[in-house]
Amino acid sequence: MKYGFYPGCSLHGTGLEYGLSTHAVAKKIGLNLVEIPDWNCCGASSAHNRDPLLAQALPARNLALAEQYGLNDVVISCAACYQRLKIAELATQDKKARVEIEEVIEMKLKGQAKARSILEVFANDISLEKIQSHVVKPLQGLKVACYYGCLFVKPPEVAIDSSENPLMMDEIIKTLGGTPVDWAYKTECCGGSLSITRTQAAVEMTAQVLRYAKLAGADCIATPCPLCTSNLDMRQKAAEKALGISFNLPIYYFTELMGTAFGLAPSELGLDKHFVEAKSLLQNLSATEAQ
Amino acid sequence: MKRIGVFVCHCGTNIANTVHCDQVAEMAKSYPGVVYACENKYMCSEPGQMMIQEAVREQNLDGYVVAACSPRMHENTFRKCAERAGLNAYMSEQVNIREQCSWVHADKEKGTEKAIDLVRMAVAKAVRNQPLSTSTIPVTKRALVIGAGIAGIQAALDIADNGFQVTLLDREHSIGGRMAQVDKTFPTLDCSACILTPKMVEAAQHPNIEMATYTEVESVDGFVGNFDVTLRKKAAYVDFHLCTGCGLCQEKCPKKVSSEFEMDLGPRKAVYVPFPQAVPNKPVIDANHCRYLLDGKCGVCKKICPTGAIDYEQKDEVIVERFGTIVVATGFEQFDISKYEEYGAGRYPDVITGLHLERLMNASGPTAGKIKRPSDGKIPEKIVFVKCVGSRDEAKDRPYCSKACCMYVAKHATLIKEKLPQSKSYVFYMDVRTGGKNYEEFYKRTQEQYDGQYIRGRVSKIFQVGDKLIVRGEDSLVGRPIEIEADLVVLAAGMEPQKDAKDMARRLGISYDQHGWYSEAHPKLQPIETHTAGIYLAGTCQGPKDIPESVAQASAAAVKATGLLSKGELTSEAMTAECNEAVCAGCGLCMSICPYKAIDGKKITERVHGQMKEREVAHVNAGLCQGCGACTVNCPSSAMNIKGFTNEQILAEVDALCQR
Ligand code: SF4
Ligand code: SF4
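Note that the protein sequences, when read in sequence, are chains D and F.
When we follow the working numbering, the leftmost residue of the first sequence carries the number 1, and every step to the right adds one.
When we follow the working numbering, the leftmost residue of the second sequence carries the number 1001, and every step to the right adds one.
Quick caveat, the hints were computed from the structure, so don't treat them as lab data.
If you're wondering where the values come from, they're calculated on a predicted model, not measured in any experiment.
Check before you lean on any hint, since a few could be wrong.
[Said to hold, decoys possible] Calculated lysine-lysine pairs in the DSS-like style (CA-CA distance at most 27 Å, straight line): (1) D:K154 <-> D:K114; (2) D:K27 <-> D:K130; (3) F:K1382 <-> D:K214; (4) F:K1419 <-> F:K1468; (5) D:K154 <-> F:K1461; (6) F:K1461 <-> D:K214; (7) D:K154 <-> F:K1396; (8) F:K1567 <-> F:K1602; (9) F:K1002 <-> F:K1029; (10) D:K174 <-> F:K1339; (11) D:K143 <-> F:K1468; (12) D:K214 <-> F:K1396; (13) F:K1339 <-> D:K154; (14) F:K1339 <-> F:K1403; (15) D:K137 <-> D:K27; (16) D:K174 <-> D:K143; (17) D:K143 <-> F:K1419; (18) D:K96 <-> D:K130; (19) F:K1602 <-> F:K1613; (20) D:K174 <-> F:K1461.
[Stated by the list, open to error] Cβ-to-Cβ under 8 Å is the rule here; a few derived chain D residues that face chain F: (21) S162; (22) E164; (23) A184; (24) L215; (25) S280.
Cβ coordinates follow ideal geometry from the N, Cα and C atoms, glycine included.
Based on the provided sequences and hints, a complete structural model is requested.
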């Protein structure tokens, strides 16, 4: 299966391990991801606050490029990138908007390229059966709080799953042999967009997400979003301080958990790049399994 | 040539301001057939009508055209005027130069031009107008009431009390509907069953009422005065003539099923009556759960029944009956709260609906009237009510207000405080709407005497932590988020039409709105009638209502139905379709398109080249035809004509328009 792939800046920066694990898992499962040549920034963090046309033109250029290379499915890992590209895709369905955007990017848009989330491609195109067939080290006994954040599921127009109670990642975790916990914070905001401007607010919001994951009995959190991850992982210390509770919750990209269950080495998945130590939980897991 | 008069109305300044009425009248004098034309300030007034009548006599007119307002407004006025002048009513023609000219054209010259054109067309038609007559149809003096909730029961009782036969039908096996599930009613807090049960019994015992419970309407044919309704009497597997309602079978039946009447909060048996006061108080067997009917095992009820009433061989019965009029009272369904995933409805057992709470408060309910949490049976202390769940929410495709929830929530908060004095109720609301006699006072009392705490704002999320439900919302009066740890959450689920409301409407030939509520003929002036003559609406099938409103509408529908039944015969439409058999090719296109099923085929014999030949042609049942004209435009042979709107008349109008 050949798909266009849009990494966005985070997969080359803060979410390095997301990029590593995505590619490793894709390779293992036979998902051919072709990076879109000459891709540009999707403008996620600021463009839509500055200029609506720019905010649509930036991601639309990537869709136009994908079309030029005949890659009609554009797979996106980062939730923020996904949302920007999806919104551009929907906006360009409108003829008037499309013409305007085409003028700005000096490229033609056929409206064929679709923004797809990596999570949804795994769950639907690859299928749970296929995922299961690659599992060699089931995540036996691992209690996972699946945290979707907001950008993949809200607003409903761009949602890849239910806006209020998405279950896609839970299903994947189950397929990997893990136990998704039932909790109410899976789509609650972690404060990602306030992370730099009002850090304290972001820390407080993050702390609540961590608290409820812990309350639900989770050993770790799985996410599909680099923004959420950097908040939950990098700011976990600050969150612990804010609430006076120790969480010690490793934050995994769901692809890292897939890779682990597929038997890939921690270094291939970037498990050593976490703020909250993340290797030992998964190593202990396989140790219990080996016994 | 006919002698035609033209009367141009000023409608005060309504028309005269933007149409030169004098020019219109002057021009009219030059049209073929016109022997007289004049104008008047108010043609519909007494002097205006006198003027027409005098002109008819003095000028010896055969017919006339009134250029005035919309025929919807005054067609009848001028037809009656024609009769008084000694003409056939249908020799009066009205043309609309108000809504179609003066009100829509600011330019007086253009408006005048258009008025002149319209009058020329009308004259061309009036010359070809023919006297039309109406006929009469006999009325079957029986009414059918579909749905036996409080509205249906009330309508049936009123019609029966007025001396007519009524069949009261319900697909459930007891009458009573939603009201039977309710514990107490607002604003008087009398027990629902106490006021409903006597009515149920009265309906059952009324000599003029025949109850047809456990029966569905399969199809409706015919027309006002004579509806032929096909009914399916569902197999109950119990012979009601033999059954004494002793209840032994129900007691001994080994199969437990969750009870729909108890909103799945309690059990029932596979052979059961839904609630103790049910009417008829005889059980039916639920074929989907009965062990004997499913796999031939058990048979306990048959063995135990002292009168031998159990009959596993019983089959559905289909019968056709004729009724003069139909009252539709099919009621509502409660909004499916699981569509609010953010409220965890359907996932958390302690997030319930208003109807659940009614059952929990009811003495004959699953907890014998003790308010207990469904999850663990604990007595709740903090109760949160969330209003407008499935109402006033466009995101859920429910933009309308369900009307009764504000009051039933106030009622619940009051009753809970009475039953559990230690408890505390919080009510999240968008608005409080208490339009009704003594309603506002009731709501005030809930706040002031029963300690109901009202919080203005929407709830964004409900989730479970431990055995508490965390309700997170906004207090928009304070401008702060708010979080309450509740033991029980009651969602005020709104009303929505029955799932099969649209199917039912199609069977009845009545219309419905985008949500499935049945449409009244006019929102203000005909709130009881449907667009189909002889079919009336009562209760929540037309839109959300509370009990008093449903009862009021039911009585109104009964009056309409009785009025119809008390007429010996009905006058049929004069402007119906008519088939010119000489040119009809018998293709049948008209039959399939007629929305009232008014056309069927008939055989005629005619002489062709000296031989007698038989062939089929279309035949219009004038009693059914509503004169909509669908058949005429569909007929490839131009054989179909609407009386008063024949092809010839319409073509004459087109010709007249083209003559300018
Ligand atoms: S559509 Fe016209 S031609 Fe055909 S059956 Fe009807 S009346 Fe006759
Ligand atoms: S005019 Fe309308 S109602 Fe009458 S027969 Fe024709 S299609 Fe049927």
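Please work out if D:K154 and D:K114 have their alpha carbons no farther apart than 27 Å.
-> This hinted pair holds, its Cα atoms lying about 18 Å apart.
Given the hinted pair D:K96 and D:K130, is their alpha-carbon gap at most 27 Å?
-> 42 Å, violated
Return the status of the interface hint for D:S162: holds when the least beta-carbon distance to chain F is below 8 Å, violated otherwise.
-> 6 Å, holds
Hinted pair D:K174 and D:K143, Cα distance within 27 Å = 10 Å, holds
Given the hint that D:K143 pairs with F:K1468, test it: the Cα-Cα distance must not exceed 27 Å.
-> Between D:K143 and F:K1468 the Cα gap is close to 22 Å, so the pair holds against 27 Å.
Hinted pair F:K1339 and F:K1403, Cα distance within 27 Å = With Cα atoms ~20 Å apart, F:K1339 and F:K1403 stay inside 27 Å; holds.
Satisfaction of hint between F:K1461 and D:K174, Cα-Cα up to 27 Å | 26 Å, holds
Straight-line Cα separation of D:K214 and F:K1396 no greater than 27 Å?
-> 33 Å, violated
Would you check whether D:L215 satisfies its interface hint, that is, whether its CB is within less than 8 Å of any CB in chain F?
-> 6 Å, holds
If you draw a straight line from the CA of F:K1339 to the CA of D:K154, is it 27 Å or shorter?
-> 16 Å, holds
If you take the shortest Cβ to Cβ gap from D:S280 to chain F, is it below 8 Å?
-> Violated, because the Cβ-Cβ distance from D:S280 to chain F comes to roughly 29 Å (cut-off 8 Å).
Pairwise hint evaluation, D:K130 against D:K27, where the allowed Cα distance is 27 Å at most | 13 Å, holds
Comparing the model with each numbered hint stated earlier shows that hints 8, 12, 17, 18, 25 do not hold.
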